[in-house]
Amino acid sequence: MLQVKNLTKIYDGGVKALDNVSFEVPKGQFLVVIGLSGSGKSTLLRCINRLIDPTEGQILWDGEDITAASPEEMRRIRRKIGMVFQHFNLVHRSKVITNVLAGRLGYVNPAWSLLNRFPKEDMEKAIKQMERVGIADKADQRADELSGGQQQRVGIARALMQDPNMILADEPVASLDPVLAHSIMKHLEEINKSDGVTVLCSLHFLDLVHRYADRVIALNDGQLVFEGYPRDIDDRKFKDIYGRDAERVG
Amino acid sequence: MKDKKSSPWKSIQIGFTVLLVLFIYAYGFDVTKVNLEELRSERRQESLTRVTRTLAQPDIITYDKERVVVNSPLYVPCPSPSNLPTAEPSFAYLVIEPACANPGEAVQVEGFNFPPNITGPIRFVPGNDPLNVVALGRESIKTDGDGHFTTSFVLPDRLSDEPQHIRVTISQNVGAPRFSQTAKDTWDKIIETVFMALLATTAGTILAFPISFLAARNLMKPVRSPLTSIALSVLGWPIGMGLGFYIVHQIGIFTIPLSENIFINLVSVVTTPFVFWFAFRWAMPPEEIRIPTPSLRLTRIFILFIAILIAFFGFFQLAGLATNISLSMEKSLGSLGFLATFLFQVSDILRIITPALGALATGGALASFLGRIGQRTAEKNPAASVKTINFILAALAGATIFGLSGWLVEWLYQIGRIEYTFWYPVLIGAGLGLLLAAFTQPKATLPTGMVIYSITRTILNALRSVEALVMAIVFVIAVGIGPFAGMMALGLHTIVSLAKLYSEQVESIMPGPLEAITATGANRLQTIIYAVIPQIIPPYISYTMYRWDINVRMSTIIGFVGGGGIGFLLQQNINLLNYRAASTQMLAIAVVVASMDYVSSVLREKYV
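Residue numbers (this note's numbering), protein chains in the order written: chain A, 1 to 250; chain B, 1001 to 1608.
These aren't lab readings, by the way, just hints derived from the structure by calculation. Be aware that one or more of the hints could be misleading.
[Said to hold, decoys possible] Each computed DSS-like pair below joins lysine-lysine, with the alpha-carbon atoms no more than 25 angstroms apart:
#1 A:Lys128 - A:Lys138
#2 A:Lys5 - B:Lys1443
#3 B:Lys1380 - A:Lys5
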């Protein structure tokens, strides 16, 4: 259970990216965050694993206050939260297997990282996860030699290496074509359904929202403007979320 | 778009700018004393031609010479009875016509049986002795294909009743060409130069690598810690360094009697890595899901400490082993003796840097340990008590910093008054610490990273602005004239300039992977290893190559101030006006720099 209470983020320049946002995510839910570009979706997701420190408010995860965690506790919390990015954020010059293994860094002793060594179990686990997302044959290639869809699978495998209880996906399919988008979303859905991992995913296309979301929240200008089920988004709600002049596509 | 109208104001502006530029250049000409008058003068042109011609003939190849000296007598002026002795018949001979003349008159000199197509001086030998080394005149002859020549020679104003001589000297190359002594010396020195550059670049790269992370804004900006933690770290550094140095030094003393024996050396060098590795593995399990209990943690720290002590013992033993091997090898190796010397020097370096390493490691470890305790204290305790703790610790830390700076001032300037260099600084430091503690929120974090960043940058910029040539002067005083001083100077300059270039590369990496690796729960060290280093390897290699290139060029002139290398020879020859030798050295520099340039560009293309 993830509880977000009165979350506010004001950037150094004075931009209010999140304005008093509160919502709850039960364990195992597929929650989709929608909203225009710049509405605060990315900031919200990054506040949850504290890549960005919120200005005010509280985030409780299974009763533990993420916002008050010390660096050492943060390391322990972060390793249970996988993250998938719009631009994949792979280390281009490293091999695919190294990128996947990086998901274990929250567990591995830093002194061992200095020697660039991972335990044998992790190596086996990495191969298993790459098989799961269908890129096992690419293990020894450089990450930037892969196509976009393959790179995102590496990103998912990396998140899976963390044995996550929750995955934050920040527009995971925004830089992919519709066919690839569905295949990536299916992987996330499969992880959600069979492993019971909570997924928070920001999306742009409403057909994807209808197809995959258990529940939807919408942000507009940093404020929570909608919270409910995908079927509840009718034309009136749509205009509330995306503004008067918006037209539906897809 | 605005339409451009030519306003008179704009024209005036342009005119004024042109005038200003003219004025600036005129002043520049005056200051740099641009003067072509000198160039036109006969004297300058003559010496320029001479030097250029000499420079164009580098002294590289030489031959064994065979000299043929032919003397032929004549009278100046003509004696009344002409009783000229006939020339001794020899292989090559001269015929002088007439056989006597007055000073200022010309005689016809004809030579036969000389080597064909060769030039040589023809000179007048005063006095009766044909072997007289003193000779007059600067004329020269050139033989034709048959070894014959005819020339007219104006007699100098040397009168004698006895016969004097005209001498033609021919020197001929015999045997195969061989390298001249200058070429050999140049070769020796150019090798020295290249290796000076190699060592300087290596040392510089190794040290610049970690420093570059401290000077990278994007890595340092997020580093923030509460005052309690900072103060404790500041206290931890000097205490840890002192402690570390003392302990490692003691180990060194303990090792001395043991290191005499090559057998003990061997055994300990082989066994210590294993002991260290097992202890390390036990104390640092690769992966842990559960949080270890405090007592387990303490035991681990203790075991690790023992393991590190053993490792340092191993270091000393390694140094001892290297010394012993080098001493026993020295006699048997012969021309490869430099390998033994190398081993000996490496062991010496090991022996010197081991205590320093120990001091640094212990200082860093204690500082980070205390810093962590400080972090915990600031987080877990109520604000009021944190504030009290902050007052005490900040005062102590301030006093430590200022006390140490005061000690440095005392050492530099030898003021000799303890209240100025110790007590007042300590009091001021403590006061500043108290002020800092009073004005910061007890639990607020301070930008530690940015402070370290600024200090590192300042030191780098200050050192970088000192040319390697100037540094070499200092090092010549420290370690004596020679290539070692030059290497140290180049190395230091390499560290500071590479650290800056590297850090700029770190600042320009893609932030995405950094974010992704941080999100997996990696700590700062892991983030650097897995997200930063893979991104910066290509520019690092490229910059290192470039720096090696610069170092080769710099090392050619560092000898001007006594830093060893080819510059020393070059400067010496220029001062002795030995331009042919200087030309050889310049040629060597050009060849080395050009080939370095080529090699580095090929390597860069291949690996970057």
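Here's how the hints hold up against the structure:
1. A:Lys128 - A:Lys138: holds, 13 angstroms
2. A:Lys5 - B:Lys1443: Roughly 23 angstroms separates the two Cα atoms, so the pair holds.
3. B:Lys1380 - A:Lys5: Answer holds: Lys1380 (chain B) to Lys5 (chain A) is near 23 angstroms, not above 25 angstroms.
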